[in-house]
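**Student:** Chain residues, written in single-letter form:
There are 2 protein chains.
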Amino acid sequence: MKSMAEAKIAFQGEMGAYSELAAREFFACEAKLCPTTTFEGVFSSVKNDESTHGIVPIENSLTGSIHENYDLLLEYELPITGEIKLRIVHNLIANPGVRMDRIRRIYSHPQALSQCKEFLKKMGQVELITVYDTAAAVRMIRDGQMRDGAAVASAQAAFDYGLAILRAGIEDNQRNLTRFLIISKQETTPASDPKTSIVFSTSNVPGALHKSLGVFATRYINLLKIESRPIYGRPWEYLFYLDFEGDTREERCREALDELTKVATFMKVLGCYEKGKEVDGRVYER
Amino acid sequence: MKSMAEAKIAFQGEMGAYSELAAREFFACEAKLCPTTTFEGVFSSVKNDESTHGIVPIENSLTGSIHENYDLLLEYELPITGEIKLRIVHNLIANPGVRMDRIRRIYSHPQALSQCKEFLKKMGQVELITVYDTAAAVRMIRDGQMRDGAAVASAQAAFDYGLAILRAGIEDNQRNLTRFLIISKQETTPASDPKTSIVFSTSNVPGALHKSLGVFATRYINLLKIESRPIYGRPWEYLFYLDFEGDTREERCREALDELTKVATFMKVLGCYEKGKEVDGRVYER
Chain A
0 MKSMAEAKIA
10 FQGEMGAYSE
20 LAAREFFACE
30 AKLCPTTTFE
40 GVFSSVKNDE
50 STHGIVPIEN
60 SLTGSIHENY
70 DLLLEYELPI
80 TGEIKLRIVH
90 NLIANPGVRM
100 DRIRRIYSHP
110 QALSQCKEFL
120 KKMGQVELIT
130 VYDTAAAVRM
140 IRDGQMRDGA
150 AVASAQAAFD
160 YGLAILRAGI
170 EDNQRNLTRF
180 LIISKQETTP
190 ASDPKTSIVF
200 STSNVPGALH
210 KSLGVFATRY
220 INLLKIESRP
230 IYGRPWEYLF
240 YLDFEGDTRE
250 ERCREALDEL
260 TKVATFMKVL
270 GCYEKGKEVD
280 GRVYER
Chain B
0 MKSMAEAKIA
10 FQGEMGAYSE
20 LAAREFFACE
30 AKLCPTTTFE
40 GVFSSVKNDE
50 STHGIVPIEN
60 SLTGSIHENY
70 DLLLEYELPI
80 TGEIKLRIVH
90 NLIANPGVRM
100 DRIRRIYSHP
110 QALSQCKEFL
120 KKMGQVELIT
130 VYDTAAAVRM
140 IRDGQMRDGA
150 AVASAQAAFD
160 YGLAILRAGI
170 EDNQRNLTRF
180 LIISKQETTP
190 ASDPKTSIVF
200 STSNVPGALH
210 KSLGVFATRY
220 INLLKIESRP
230 IYGRPWEYLF
240 YLDFEGDTRE
250 ERCREALDEL
260 TKVATFMKVL
270 GCYEKGKEVD
280 GRVYER
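Chains as they are written, first to last, in numbering that gives the first Met the number 0: chain A, 0 to 285; chain B, 0 to 285.
Just so you know, these hints were derived from the structure itself, not from any lab. One or more of the hints may lead you astray.
Only part of the chain B face toward chain A is listed, based on derived beta-carbon distances under 7 Å [unchecked claim]:
(1) G63
(2) L176
(3) V198
(4) H209
(5) I225
Derived CB-CB ranges, DEER-like [stated by the list, open to error]:
(6) A:E236 - B:Y75: 23 to 31 Å
(7) B:Q124 - A:E284: 35 to 43 Å
(8) B:T188 - A:V204: 26 to 34 Å
(9) A:G143 - B:R101: 25 to 33 Å
(10) B:L223 - A:D142: 44 to 52 Å
(11) B:F265 - A:M99: 33 to 41 Å
Think of the CB as a built atom: it goes at the ideal place given N, C-alpha and C, for glycine as much as any other residue.
The shape of chain A in the complex, shown without the other chains (with noise of 0.2 Å):
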């Protein structure tokens, strides 16, 4: 989508991964992809200009949000510049010449299993082994030369260390989507589609969250997604992430944003950019 010859992008996993998947459909492929194990990873190569951007996965269309990058998101405090839609789909990979029948563990990321859940459970006696990266489950069974175990990962990581699929489209639903956000500390402004999105707490008194949502409903703004986390080290209280359609230099949604600051007890714009378009993986030959 950004054409960004000087730009390194870090996401969570091995080459290969749903996460490398989405960069190379938001940038341009010459853009460099600097894998690392870990959500925090991607976001300290951020801050520490080890990369221009980072990529990770907020939410699951099955499975929902990816709650660590919403803590991280507001711990960081890195602008959200982007956005992408990745249609999933979850693969069985094995080693060339091995028959499904003998398959007895599978190994991927726990998020992967639950979204073939269905699948899985018609395959009978089988282990189910989780890895903290889809692709790295598939280079596992390919160094194990395993004859009795199986990944589910992408077609990618499946060209990318010459294994089999012995079957394609394995998730319990077809409308499996995966929404990636980007940071980086080069903010953009969204050129069209604009999406905000922000963090804030109320006080713990009956309607607080009602008049919150209230300076977005006497303006017509379109709420997108209200997510709870817990404030740390004050158990039952929360802070919201709410996105909406809008950008922050439009006069209804400034207004909208000055009046929460009032309602509110804490705000915080956690980034204005496009709305992500909803694309395909495609598999590329290195």
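With chain A fixed as given, assemble chain B onto it according to the hints.
**Tutor:** Same frame as chain A, now just chain B:
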């Protein structure tokens, strides 16, 4: 809290798991406890009358909601009949005689490991291995007679397996509480301090959530928690799980719920029960 000689309580994990500790505090000790390996196992045990009650964690004050159990509450349609908040004290547990500086691998449930992040960082080069249950991690250390492994779990689990506590209270923050819900076909009515849990969805128009919360705000009904979960197969549409102070038999609550039924596209009461007390877990000599 409740004396029920005939009660059979299903919980996830093994004896010594925090769920078991919470069940022992909520019910009298004579209640029979039935361990299951999954949260879904707790729900199906109650549904199939193999247990009279189930207990599941719904939220931790540091790490947030256990979303799987939100989904299961709706899927199984088993009413919530009670609540308890257990103070979680994590301990580093090893075989007797094993010294702290010999520990190279630490086993526990991912949530427990993440609640001890700071302590574990200070341990230096140790491998963290996730297990489905904290008490099961202790059993593995004992069964494997490990001399370089330790578990993060309750004092009860250490006592049950005859293992030593190398360090007590290793959680990053002392305000570490887990809120558990009791589910049962035997609905009760709260004697005092009532609380109601509901789930609803709204149409995707500006102000829809604001209007839904308005039915509570106009009646001064205090909201305790809101949690959003994806609607399966409908990307970026959500169910809202809401807890509020009040009893469904009170007129203002009945009116609010009647009005919400008209405003929302879907609404269901998940339970009306007594607000949970905050308790410390005790160690029982079995």
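**Student:** Regarding L223 (chain B) and D142 (chain A), is the given constraint of 44 to 52 Å on their beta-carbon distance met?
**Tutor:** Since L223 (chain B) and D142 (chain A) have Cβ atoms about 49 Å apart, the given range 44 to 52 Å holds.
**Student:** Could you check if I225 (chain B) really has its C-beta closer than 7 Å to a C-beta on chain A?
**Tutor:** Holds. Min distance 6 Å.
**Student:** Does the nearest C-beta of chain A fall within a distance shorter than 7 Å of the C-beta of H209 (chain B)?
**Tutor:** 4 Å, holds
**Student:** Verify the interface restraint on G63 (chain B): the C-beta must sit less than 7 Å from at least one C-beta of chain A.
**Tutor:** 5 Å, holds
**Student:** Assuming the hint says 26 to 34 Å, is it satisfied by the Cβ distance from T188 (chain B) to V204 (chain A) or not?
**Tutor:** 27 Å, holds
**Student:** Is 25 to 33 Å respected by the C-beta to C-beta distance linking G143 (chain A) and R101 (chain B)?
**Tutor:** 29 Å, holds
**Student:** Return holds or violated for the Cβ distance of E236 (chain A) and Y75 (chain B) against the range 23 to 31 Å.
**Tutor:** 29 Å, holds
**Student:** So does Q124 (chain B) sit 35 to 43 Å from E284 (chain A), Cβ to Cβ?
**Tutor:** 39 Å, holds
**Student:** Per the hint of 33 to 41 Å, is the separation of the Cβ atoms of F265 (chain B) and M99 (chain A) within bounds?
**Tutor:** Roughly 40 Å apart at Cβ, these two residues keep to the hinted range, so it holds.
**Student:** Does L176 (chain B) hold up as a contact with chain A if the rule is Cβ-Cβ below 7 Å?
**Tutor:** Check passed: Cβ of L176 (chain B) comes within 5 Å of chain A, closer than 7 Å.
**Student:** When the nearest CB of chain A is found for V198 (chain B), is that gap smaller than 7 Å?
**Tutor:** 14 Å, violated
Hint compliance for this structure: hint 3 alone is broken.
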